[in-house]
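Enquirer: These are the residues of each chain, in order.
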Amino acid sequence: MKNTCLALLFVFTSISVSAQNDTIPISINFTEAKIGEVLQRIEAHSSYQFYYVDEWLGNQRVSGSYQDAAITEILEDLFANTILNFYILDGKKVLLTQNNIIYDQLPKGFFQRSNQQDSQLIEAGDDRESLNPVFVADERLPKQREVETLRIGKETLIGQKQEYTLSGYVKNAKTGKPIPDLSLVIRNRKIGAVTDDNGFYEITLPAGENLFETKALGIESQQKRVLIYNDGQLDFNLNESIEQLDEVVVEADKTKNVEEEITGSTTIESEETKDIPMVLGERNILSVATTLPGITNAGEGASGLNVRGGKTDQNLILLDDGVVYNPTHFFGIFQALNPFVTKGVDIYKGNVPAEFGGRLSSVFDITTIDGNVDTFSGEASLGPVTANLMLEIPLVKEKSSLVLGGRGAYSDWILQSLDEASLKNSSASFYDVVANYTHKINENNQIKATGYYSKDAFSITSDSLYGYSNRLFTFAWKHKFNERNNGSLILTNSEYVFGIDFDGQANNDFNLGYSIGETEAKLKFKFLLNETNTLDYGISSKLYSVKPGFIEPRGAESIIRPFAIAEDRALESAIFIGDNIRIGDKIGIEAGIRYSLYAALGESTQRVYAPNQPRNQATLIDSVAYKKNEVIETYGGPEFRISGRYSFSDNFSVKAGFNSMYQYIHTLSNTTTVSPIDTWKLSDSNIRPQRSNQVSLGFFKNFEDESYELSLEGYYKTSEDILDFKTGAQLLLNDAIESEVLQGEGQAYGVELLVRKNSGRLKGWLGYTYSRSLIKFASDFAEERINGGKFFPSNYDKPHDVSLVANWKFTTRYSASMNFSYQTGRPVTYPIGQYNFNNSEYVFYSNRNEFRIPDYYRLDLGINIEGNHKIKKFAHSFWNISVYNVLGRANPYSVFFVSEDGGVKAFKSSIFSIPIPSITYNFKF
Amino acid sequence: MNLYKLYIIVTSIVLLLVVDSCVEPFQVETQGFAGVLVVDARITNEEKQHEVLLSRARPFEQDSITPERSAQVSIVNNSGTIYEFEESRPGSYISTIVFGGESGQEYQLLVTTSDGQSYASTSETMPENIAISDLTFKRETNDLGEDGLSVVLDNSSFENQPRYFRYDYEENYKIVAPNWDPFEFVIIDSVACTDGDAFEVGIKAKKPLQGLVCYGQKSSTDIILASTANLEGNTLSDFVVRFVKRENYILRHRYSILVNQYTQSVDAHSYYQSLLAFSVSESVFSETQPGFLLGNIESVTNSQQPVIGYFETATISSKRIYFNYEDLFPEAELPEYPFNCATLGNPRLIPRGYHCSNGSSGVCDGNCESPLIGQIQANLIVFAAEKDPIDFGSPYLTLPRGCGDCTALGSEIKPDFWID
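For the protein sequence lines, the chains are A and B, in the order given.
Heads up, the first sequence is in my numbering, so the first residue is 1 and it goes up one at a time.
Heads up, the second sequence is in my numbering, so the first residue is 1 and it goes up one at a time.
It is possible that part of the hints are untrue.
Listed below are the simulated DSS-like cross-link pairs for lysine-lysine, each with C-alpha atoms no more than 25 Å apart in a straight line [what the hints assert, rightly or not]:
#1 Lys480/A <-> Lys177/A
#2 Lys414/B <-> Lys905/A
#3 Lys480/A <-> Lys343/A
#4 Lys905/A <-> Lys218/B
#5 Lys440/A <-> Lys480/A
#6 Lys48/B <-> Lys206/B
Beyond 10 Å from chain B on every Cβ pair, some chain A residues (computed) [said to hold, decoys possible]:
#7 Arg61
#8 Arg187
#9 Asn230
#10 Lys726
#11 Glu783
#12 Tyr842
None of these hints come from the bench; they were simulated from the model.
From a predicted model like this one, the values you see are computed outputs, not experimental measurements.
Each residue gets a CB set at the ideal place from its N, CA and C atoms; glycine is no exception.
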């Protein structure tokens with residue numbers, strides 16, 4: 001206690017003069033007067049003298065009329081609505097105090113306790129009669145004293161309690177939006193509270209000094225010294241943290257990685273991706289995902305992600321619970337999600353919660369922001385490729401809000417300016433719009449509706465226009481039954497469409513199209529059974545409807561005959577239950593089971609092939625017609641989702657998991673990378689669903705007060721009935737697609753290492769993955785074998801993958817960021833020789849994926865400049881200047897061979913072969 | 001906003017640079033190579049000696065074909081008739097008798113190579129013959145906006161069964177030397193110094209009209225495919241078999257094209273489609289998954305042994321048409337001749353620095369190459385005119401050979417079928 005100085009908040013006096021003794025009568029009238037003025041008039045007309053600090057009095061206006069009244073009566077009225085107390089000393093001197101009461105007696109037992117080191121007396125004795133004066137010792141170091149001190153409530157002599165209730169709202173100072181999930185930690189008490197969705201918190205605090213600290217993701221940490229005298233309200237207006245790891249993506253509460261039961265999950269906040277240098281300055285949450293271990297893509301300009309050695313069609317990409325079939329624009333270079341409206345994405349690549357299913361490799365659960373219910377606000381950006389505007393419009397104050405976002409590429413000029421012969425007559429444009437409506441009906445009911453549409457149109461040659469679009473609508477109603485039960489009803493509908501409009505010189509102009517639509521209803525519940533068990537359960541069912549392809553004449557002269565492959569329909573349903581079991585601090589188990597059932601429905605004609613024969617025209621023996629809604633074939637089975645965690649200490653845990661999945665819908669693609677004209681096919685009597693099993697084991701450790709995270713995860717995954725195609729398969733408008741399909745086995749394994757630094761000037765992460773992805777297509781028949789029926793590397797097998805993402809903050813306004821990635825070159829099928837056939841030369845190819853293209857590496861650099869933080873400024877601006885591919889590495893994307901004039905020429909292509917600078921301007925208002 | 005515009009411009013320029021190097025040719029090194037047997041075989045309904053070509057696939061560095069010699073080749077039909085083939089030149093096997101395939105019959109190709117390996121095709125049915133009903137010319141602007149000639153084809157299939165076609169063509173065209181001259185060079189003395197005098201070149205009259213009119217000939221190398229799947233009425237109409245740009249000199253005078261239509265099976269069609277897909281680049285962004293293209297021939301002795309190629313049974317229908325330039329392009333100028341005949345050359349007969357030691361019968365010790373004689377010997381130039389006034393150092397005005405001699409581009413022999 002040597003360094004402790006006692007603040008002068010307690011006035012001790014032995015002079016025993018009580019307020020009751022003062023009987024000098026005062027007559028005074030005042031209306032709408034300031035307290036200070038009233039006090040001055042009392043001083044002028046009586047012998048009383050007041051001692052106070054002007055600031056305490058504030059600007060409150062008071063009125064009153066007193067005739068021969070006692071000073072105490074007047075003052076009690078006067079200070080009734082303030083936090084001021086008074087004490088009359090020597091009958092004349094009136095001391096005003098803030099919060100405190102000046103005691104004229106020592107509290108009971110004062111001397112017995114006085115030898116206690118701790119100046120906080122409240123935990124001791126619970127005698128209701130006893131007074132509990134609030135003593136506050138200013139133990140702070142000089143530096144800490146900059147922390148603002150707030151006083152809450154007025155100390156009263158009657159109704160004193162040991163503990164008081166403090167509540168309030170925490171809001172974002174800039175946007176006025178509530179900040180949910182913010183932790184308020186009372187550092188000196190080891191208690192805390194978390195704000196709810198409305199930013200509201202309530203905490204029971206012992207009277208006296210409480211050191212508040214706010215902690216939340218992306219929000220500056222604020223400390224306040226709060227002196228509690230009574231129940232009260234304290235609102236916080238917090239700034240977004242510029243200190244936060246803007247570029248560092250994976251975030252969660254500091255110990256989530258160690259404490260969470262499930263393995264292989266990560267969260268990326270959209271806002272935090274803004275500093276990572278990206279192609280042409282376009283924020284891309286999906287590209288950021290690829291810097292994390294276990295998530296890759298086939299290369300620049302390749303849409304689709306490969307998660308833990310899985311195919312690109314094995315990812316369930318959800319936007320507010322609705323499926324987005326193609327979340328990218330322009331061959332995968334840009335994301336088709338509005339970065340301002342996107343809140344973030346939860347990625348499950350290992351264990352998947354039981355509520356999700358239908359894809360083998362991963363779930364990308366993307367959510368949109370909830371609109372600001374208080375003030376109109378928005379965000380806009382101008383980049384080299386797109387302009388983007390987002391508005392948040394409150395409709396009913398504190399209840400409902402509308403979010404609108406629109407984003408579009410300026411024009412075709414990107415492609416127009418490319419000096420690439422094959423693209424001379426090309427054009428490309430895209431846009432996406434998103435809107436959502438949130439309404440908080442009451443404490444227990446909340447609804448959210450989201451609509452989304454994205455569209456791409458491009459033409460590579462002047463006669464054909466390709467277009468694709470995603471459409472999505474979702475509706476979610478959350479209902480809280482009681483403290484322990486809540487549920488949601490979710491309805492979604494989504495559609496993916498692509499088309500080719502061919503308008504050439506000849507008479508064969510046509511429109512070709514494809515569409516897939518699905519409508520899902522899902523009911524899920526959460527039940528807090530007891531301290532140990534939390535149950536999540538529910539049912540879901542979705543109806544697919546696929547138009548696998550149609551062609552129709554375009555224009556009167558066209559000789560094209562309209563043709564359409566019959567519609568495919570299917571119903572995919574599931575029932576699921578998961579239990580989160582926490583046994584003490586050490587053990588946590590997430591056990592889930594999902595039973596999925598798939599039924600392919602008529603109306604349809606299914607072809608029957610001779611058993612044990614390769615499927616082709618020659619072995620077609622029969623075709624069976626099914627009536628509308630007649631069940632053609634059912635598949636299904638239990639999917640187990642089990643994982644567990646054992647914590648050796650607060651910051652070290654080991655986790656293991658087993659995960660099994662079914663997938664009933666497949667992409668048909670005969671290109672090496674994803675193309676927008678890939679179609680989806682439903683399982684039917686000839687095409688079986690894909691299945692996978694994954695086991696994983698991981699070690700998670702946090703260092704140095706959680707500022708470093710280290711994780712090491714390993715997995716082994718097998719899959720069955722994955723799809724591939726006979727070489728040269730024709731997939732468009734093929735009504736006997738099963739004769740081109742091969743179904744085989746997959747095997748993937750890997751080790752993922754991630755080191756992250758979450759705080760300080762330098763933040764970022766380093767990830768390294770060693771993984772393999774092998775597939776096998778064996779058959780008794782040569783035409784149904786690939787590479788002689790042996791395991792071979794998949795197109796996305798890249799054993800070594802290193803990613804380094806770092807952000808260095810110079811000042812609060814300036815930061816620099818970098819992004820480096822290295823990957824083993826992807827496997828490629830290479831021509832190994834040439835031959836003559838029918839008067840021309842051709843190349844012939846090696847076994848599938850026998851060679852690799854050269855290794856890939858790329859360095860991107862960026863500088864981020866935040867506008868200054870003047871509070872009254874209309875808009876908050878943010879500049880991002882970045883250079884993509886600083887090293888100018890021409891990373892080969894593909895190699896291809898062209899037969900021209902009877903000879904063979906080899907070409908390699910790269911998408912971005914020189915450094916690409918860009919500037920993006922963002923502002924918020 | 002001005003700043004923004006500027007930025008757009010800057011970025012456009014940058015982008016121009018970016019994708020400049022997007023696609024570049026590169027030299028392929030052969031990595032691990034096996035000489036796989038290549039079977040290039042097709043029979044048609046034509047009554048002729050059919051040919052089967054056998055070769056071995058070769059590394060990229062090797063230009064010449066490696067013929068597969070001394071193999072036993074035969075074709076068997078489903079009534080048991082065996083058509084034997086004999087090697088006529090290396091790798092080329094010709095049927096010993098004249099025969100034509102019959103629609104509806106099945107044929108199987110059998111090959112036994114000299115190393116004892118046997119190969120067999122699947123049984124292939126000879127499809128029904130669909131005739132070319134019409135073959136005409138049309139003046140059209142193609143998809144690249146170029147004016148030119150389209151050779152378009154119509155056919156009609158009977159039943160409502162999709163038909164699959166492959167085309168090839170042979171084009172012949174008349175060539176007229178624009179600056180034909182009745183005289184030609186004759187080299188009188190091409191030896192410097194030693195024979196006692198300097199170089200000498202004279203002119204003499206050609207044989208009448210020699211080198212004035214020729215006929216060029218080219219065969220298609222591309223894969224041209226069509227099908228009536230998805231076509232109204234199961235007919236092909238105005239299908240463009242060949243497009244020739246108006247500027248192409250082969251159209252200058254009279255042009256003829258013979259189009260062969262092969263009615264093929266759906267399997268053969270998809271084989272050719274794959275072959276086509278692997279040999280053209282459709283888009284920078286998406287690449288068809290290539291792989292070993294399995295045809296309809298397998299090794300009998302070792303099922304793991306790959307075989308390249310296809311045994312195709314197709315019925316053929318051919319049609320030839322003729323076209324005169326002025327019929328379709330009456331107002332347009334003639335396409336440019338492939339030689340520049342506007343600029344006269346004047347090569348020196350006696351080179352500068354020509355010097356004989358020891359007088360004219362000595363040894364040439366200076367510049368001893370005559371440019372004129374060198375070019376005449378290399379068959380690069382033709383006589384155009386004598387220089388006026390006479391210049392002994394460079395006495396003749398010349399033109400590139402093609403200007404006065406059409407054999408630079410074709411043959412003087414008129415094809416048998418040619419109709420003027």
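Enquirer: Mind listing which of the numbered hints don't hold for this structure, in increasing order?
Expert: Violated hints: 2, 6, 10, 11 and 12; rest satisfied.
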